[in-house]
Structure formats: structure tokens, C-alpha cells
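First to last, the protein sequences are chains A and B. Going by this note's numbering, the first sequence wraps up at 271, each residue one higher than the last. Going by this note's numbering, the second sequence wraps up at 254, each residue one higher than the last.
To be clear, the hints were calculated from the coordinates, so they are not data collected in a lab. Don't take every hint at face value.
Stated by the list, open to error - Dumping the calculated EDC-like pairs for lysine to aspartate or glutamate here, alpha-carbon to alpha-carbon at most 20 angstroms:
| hint | chain 1 | residue 1 | chain 2 | residue 2 |
| --- | --- | --- | --- | --- |
| 1 | B | Lys67 | B | Glu77 |
| 2 | A | Lys249 | B | Glu180 |
| 3 | A | Lys156 | B | Glu180 |
| 4 | B | Lys204 | B | Glu161 |
| 5 | A | Lys156 | B | Asp123 |
| 6 | B | Lys67 | A | Asp114 |
Note that the structure is a prediction, hence the values are computed from the model and not measured.
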Amino acid sequence: MAGNGEAKGSQQTGLFDRVWSWLKSTELFRSIYQNDYPRDRRTRVMVLTNNLFLHLHPNLVTRYSIDYRYTWGLGGLSLATFIILALTGAFLMFYYVPAVPDAYFSIRAFDTDVALGQFFRNLHRWAAHTMVIVVMLHMFRVFYTGSYKGPRKFNWVIGVFLYMLTLLMSFTGYLLPWDQLAYWAITVGVNIGGAVPFVGDQVRRILLAGFDITGATLVRWYTLHVIFLPLIAFWMMLLHFYRVRKDGFSATKPIPIEDHPILGKVKE
Amino acid sequence: MAQPADQAQGAQPKRPDPLDRVYTWPHFLIVEFIGLMVFVVLLFLVSVLLKAPLLDLAQPEYTPNPAKAPWYFLSLQELLLHMHPSLAGVIVPGAVLLLIAAIPYFDKDERGTGVWFTTRMGVDIYRYSFIYTTIWVTALVLFDEFVGTKPVLRLLGLPDSAVEFLGNIVIPVIVMLTVFLLLAWLVKRRWPNADRRHVFIAMFTVYVASFIVLTIIGSFFRGESMYLVWPWELTHPH
Chain A
4 MAGNGEAKGS QQTGLFDRVW SWLKSTELFR SIYQNDYPRD RRTRVMVLTN
54 NLFLHLHPNL VTRYSIDYRY TWGLGGLSLA TFIILALTGA FLMFYYVPAV
104 PDAYFSIRAF DTDVALGQFF RNLHRWAAHT MVIVVMLHMF RVFYTGSYKG
154 PRKFNWVIGV FLYMLTLLMS FTGYLLPWDQ LAYWAITVGV NIGGAVPFVG
204 DQVRRILLAG FDITGATLVR WYTLHVIFLP LIAFWMMLLH FYRVRKDGFS
254 ATKPIPIEDH PILGKVKE
Chain B
17 MAQPADQAQG AQPKRPDPLD RVYTWPHFLI VEFIGLMVFV VLLFLVSVLL
67 KAPLLDLAQP EYTPNPAKAP WYFLSLQELL LHMHPSLAGV IVPGAVLLLI
117 AAIPYFDKDE RGTGVWFTTR MGVDIYRYSF IYTTIWVTAL VLFDEFVGTK
167 PVLRLLGLPD SAVEFLGNIV IPVIVMLTVF LLLAWLVKRR WPNADRRHVF
217 IAMFTVYVAS FIVLTIIGSF FRGESMYLVW PWELTHPH
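Use the sequences and the hints to build the structure in full.
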């Protein structure tokens, strides 16, 4: 690779190229990027094995995995929404006060007084709704492609837990603005969940930290929303991704309908 | 992988065809990267254009009408209108989640993994089940709104406790199981070669379609005091 640049001749290279190749030769740059831009087999593998995050992927994938119409990237986009929510959520936490009625006024001040506050609150809200939709669509995709079978059995079960966690993370966040929408949507929601046979009253009291939605409920749901549920979701996501890596992608060579092992039996 | 005994007889071990594989960098990562960029740009655009709602300060003594749950729980809130709260809020969703989690342990045939709807027949069964569920759910919601089981039971001269028990628990359970099992039977009759995977496609589609239909009804067709209205008649909660 290094010989490539020299062969082009020194007269032709512009200022940018010279600065760039100097930058690439510095000790700092080479300590961060341990191989040159990946153009051959060896460096294409190295770029994955040398990187913690890219290491989630295998070095090679079947050519059917790169057809985006197979997965529509829904699992990856679920992760993307989770990361966006964690980042915008941390920004919201700088200003949010989990108390009654300060919560409401801190949100209103966040919209008007904080630079880009309104934008980041919008992003947090729409990303949260999007995450619920994307996680659901991901589940539908995995079911309809039969990707829960064989070695991936238990990963499907982990996925069902992650789906429930997504709903709970969204639902606990719903109360936090402490406006009329939040308060009454949570009232209805808790009434739905509090209808557990025999222990319904106890469940309601645990959920509400009392008999009504109060400041104590807000603190409890805030804690669940910002640390407890995301932490559990984070660990389950690690398990989920590890199993995807170990079990392999499910995209395979499409089987022509007439040769299909199952449809082959069908007389039409 | 071939067994040692097969190898001893000269059988080649099965290995993935190298021609079917490509390097993750750049072929796979570029697809992921472009998808991520498009997604993030769209999300940012929505966040610039649409404000997140923030109504008045919460007033525990002032109930808005109608009071609705977040949209992903509207299907459960809709069930609540038609049956006992324990059934609608806990038992039905709990059973559905358990059944969904258990799917891989009952459908073990690995043929067809990684193929959308497994076969052409699977596509037909999916479409049939979606339409079947949509018709049933819509018809049941309309029936309960305009006729209802309880008035019919009262006409029979039953005591109130029996009307409550039958109308809130027994009949909803029977109806839900009927919709579910009748579909399995219809699919098996219409497609005699449908195996377990194909019946599961039909049953999972009952969940998908009823969730979608009930969420749409709850969002756009439930007005004041949760009565059915047309979407253009919806008023703001007051």
C-alpha cells in the first residue's frame, strides 16, 4: 500500500494528499488505525478483527445477507434507536427534576431555555415511538422468515423479553413530563396492568408506590426508566447479539419454489 | 459436517460454497451504513418538523374524556371494553407472549429457514389469515358496540351475576379460542399440505393483524367515552 502512493510521482500530489499521507505516517495515527485503508483480503479482515464494535460481524457473510430486502436492517435500527435514546436521554437528565410539579416546569424550560432543547426532546420522543415500531417489525421479520428455528431458538426467547422491555421503557418514560397526557395515559395503563387476578391491589401498589399516582410514583418510574430497565435491556442485547454472531445470519440461498423441500410435496 | 463413518466411505464433508461468501468490509458494512444514515436523517427531519406533545400540568382531579393509554397499549384498552379486566389486561397478553416465546419449541422443522413465508403457499396463508382476522375483529367490535352479548343474555331472563360471568368471561374466551382454532382448521382444509410451520404462520398472523386492527380502532375510531366514531368526528380530549 505504501508503495502505491510513491509510484504516482511526487510532482502530481497536491497539498491535501501530502498532508494526508503525512498524517497517516504519524505515530499517533498508526497507533489508532493499525492497518491501511482496507483494499486487500488481509486488511479487510483486519479492519473487523481489530475493532471491538465491528467484531460483532463475521469476516465473511453470504451474498444473500447483503440484500437489504431480507432483514430491512430492523435489528440494527432497533440498536440505533436505543443509542439515540440513551444519548438524548442523558441530555434531558441534565435538566429534568423528578418531583411534582417541578418535573413539568423543568420540561417546559428545557423546550424554551436550553439550546436545541426542543429538538432533542422531540428526537427522544419520536425515537421512542419508532423503537417500539421497529422492534415489533423486527420480530415480525424474524417470524415470517422462520429465523427462530434450529440453533436460534433461545435467541427468539431473548427477543421476546427485549420486546417487553422496550414497551416497559417506553411506558415508564410516558409519565415523566407530568402533563395531562402523561398522567391519564399512565392511569389507564396501570389500570390495565393492575387487573392481575388475586394480587391486583398489591401489583398496583408496587407500580404506583402507593395508592395514587404521586411524586413517589414519579421517582420510582424515573429510576426504572433511566437506569434499571435500560441496564437490563443492555445486558440482554449483548446476549442477543452474541447469539446472532455465534449462530450466524439466517439469510440463505433462496430455494426455487418448484424445488422447495416443503412445497415439493404439494401437487398443484 | 459429515460423520467420520461417512468420510471413511469417501463422502466429502459439506462446507459452505466459498463463492457464496463476500467480505463483510465493505460489502455488508456499506449497506448497514447507508441504512443507518437514511434512518437517522429521517428521524432528525421528523424531530425538526414535529413537536413532542406537552399539554397542561397534570390535574389528578380533572379526568380528560376520553383518557387513552399509549398507542401500543390501545389494543389492550380495546379488549378492556369487551371483557373482564383480568382477562383483557393480564391473561390474554400474558398468554399471547408465552405462546409467541414457545413457537421455536413446537416448530422444529428447520427446512425453509431464512426464506420469507417459507413457501409460496406461506404467502397465500399469510394473506388469507390477515383478511380473516381483520374481518372477525371488526365484526366483533361492531357487534359488541351495537348489540352486545349482555342484552341478549338478559333477554333470556338470566340473573345479573350469570350475565356478568357469561358476558365478561365465558363468551369472550370461547369467541377468542374459536377465532384462533377455526383458522387453523380452515387452513388445514384449504391447504391440505400445510405443515406445522404453515399453521403457525396463520396463527401468528392472528396476533399481528388483531394488534394492528385494534390499535387503529383505538387510535382513530374511539371518541368521547370510548364510543365508536368516524376519524373526522374525533374531538380533542376535554
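Is Lys204 of chain B close enough to Glu161 of chain B, meaning Cα to Cα at most 20 angstroms?
-> violated (32 angstroms)
Could you grab the alpha-carbon distance between Lys67 of chain B and Asp114 of chain A and see if it respects the 20 angstroms cut-off?
-> holds (10 angstroms)
Does the structure keep Lys156 of chain A and Asp123 of chain B at a Cα separation of 20 angstroms or less?
-> holds (10 angstroms)
Does Lys67 of chain B pair with Glu77 of chain B here, judged by a C-alpha cut-off of 20 angstroms?
-> Between Lys67 of chain B and Glu77 of chain B the Cα gap is close to 27 angstroms, so the pair fails against 20 angstroms, i.e. violated.
Please work out if Lys156 of chain A and Glu180 of chain B have their alpha carbons no farther apart than 20 angstroms.
-> Given that 20 angstroms is the threshold and the Cα spacing comes to 41 angstroms, the pair is violated.
Proposed proximity, Glu180 of chain B with Lys249 of chain A (alpha carbon, max 20 angstroms) = Cα-Cα ~53 angstroms, so violated.
When the structure is compared with the earlier hints, violations turn up for hints 1, 2, 3, 4 and for no others.
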